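Asks: In case you want the letters, here they are:
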Amino acid sequence: MSVAQRAWPSAQLDDVARLRAIAAALPHLAYRERTLDAPFEIVWSIFGDLERGVPRFDHFVRWLRITERDGERVRLVSNGPLGIPMRFEAVLRPGWCVMRSRQAEVGMAATPEGSARTRVAHFEGSRFLGALGRWWLGRTMEGELTTLARLCEAELRSRR
Amino acid sequence: MMAAKAGDVLAMSRLMDALAPWLARICGSIALEHGDDAAQEALVQVFRDLRTLREPDALRAWARRIAVREAVRHARRARDQSARSAAPAAPLASPSSDPALAPDVRAVLARLAPEQRAILVLRDLEGLSEQEAAAQLGVAKGTVKSRLARAREAFAKRWHADEAPSRGEP
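As given, the protein sequences belong to chains A and B, one line each in that order.
The opening position of the first sequence corresponds to residue 0 in numbering that gives the first Met the number 0, with each subsequent residue numbered one higher.
The opening position of the second sequence corresponds to residue 0 in numbering that gives the first Met the number 0, with each subsequent residue numbered one higher.
Among the hints, erroneous ones may be present.
Unchecked claim - Here chain B is said to cover these stretches of chain A; the calculated rule only asks that three of the stretch's residues, wherever they fall, bring their Cβ under 8 Å from a Cβ of chain B:
1) 8-17
2) 22-36
3) 99-112
Unchecked claim - Sample of chain A residues at the chain B side, in silico, Cβ under 10 Å:
4) R72
5) E88
6) A89
7) V90
8) R118
9) F122
10) F127
Rather than coming from a laboratory, the hints here were simulated on the basis of the structure.
Please read these numbers as outputs of a predicted model, since none were measured by experiment.
Cβ atoms here follow ideal geometry from the backbone N, Cα and C, with glycine treated the same way.
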């Protein structure tokens, strides 16, 4: 058997590692990561539920509706500044969501850390934001992840 | 590719799907248990420097060069640290992520030098010519030829040495 015919070892590049690489390439984004004390299924049932989950932890999103879905490709609309709805295109699958509108970009990723914990990553940003705006956005996202952690803990308790 | 280069996150997401498993395989095969770190750094570098890439057709060769360089760097650093501390060799297998045969290949690869693993990956996994492998590694074609011969010989010798006891003849 030749070397080429054998199975080669592979490194792991999970969804959080992948989102981290995209965020590193776009300095206008605010990026945060956190480990949550809840299994992946519970975390993603909130974090990845754009219509019902996201408005519960993202302070900017009052409502969000999916208008079109074709496999992983999704179109959606949400409330925007000055009452003008924002239209997004997105890629959505378990553990991975990246979306963009004309004004903003959002990314969310989650990967299990063992059976009881989940590493999450989140970016938000706009090319119209300056350094101060990005700093402020980052602080807001920290609050969102804290809210998400609380929601996950509550969901975990309710399922026990 | 052009959209990803311009910073379109959806295009970057598609490019990520295409590149990540491939780069993970290159880094895992060269840096072994340090492959995750090497792959992460290679991926960050590829996406961060994407805008500097002039020729879209050169993407794969360029990304492969970054991955091989990062993987060899991580593997060398681990080897040097291990030699300095006189610690025993790092564990040979990482069973969680590999297909059934991978731990065997990993165990044999672990006993080769990082440079030998790199040449095996480029020639036998990636299927590059000697000329292409030389360009990727920044060495002469003759160096690739001799390094490859030594690497293949070492791999075969160690593979068969491992295989003999595992056949388990009574």
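Asks: Now tell me, hint by hint, if it's right for this structure.
Replies: Evaluated hints:
1. Under the rule that three or more residues need a Cβ within less than 8 Å of chain B, the assignment of the region 8-17 of chain A holds, with 7 such residues.
2. Against chain B, the region 22-36 of chain A contributes 3 residues with a C-beta closer than 8 Å to a partner C-beta. That satisfies the three-residue criterion, and the hint holds.
3. For the region 99-112 of chain A, the stated coverage by chain B is satisfied: 3 residues place a CB nearer than 8 Å to a CB of that chain, which reaches the threshold of 3.
4. At a threshold of 10 Å, the smallest CB-CB gap from R72 of chain A to chain B is about 9 Å, leaving the interface hint in force.
5. Hint status for E88 of chain A: holds, given a least beta-carbon distance of 6 Å to chain B, under 10 Å.
6. Below 10 Å, beta-carbon pairs count as interface contacts, and A89 of chain A has one with chain B at about 8 Å; its hint therefore holds.
7. Interface restraint check for V90 of chain A: the shortest CB-CB distance to chain B comes to about 5 Å, inside 10 Å, so the restraint holds.
8. Proximity of R118 of chain A to chain B is violated relative to the hint, the smallest CB-CB distance being about 13 Å (cut-off 10 Å).
9. Given hint, F122 of chain A at the interface with chain B, holds; its Cβ is 9 Å from that chain's nearest Cβ, closer than 10 Å.
10. Against a cut-off of 10 Å between C-beta atoms, the interface hint on F127 of chain A is violated, since the closest Cβ of chain B lies about 14 Å away.
Against the hints set out earlier in the document, violations occur for numbers 8, 10.
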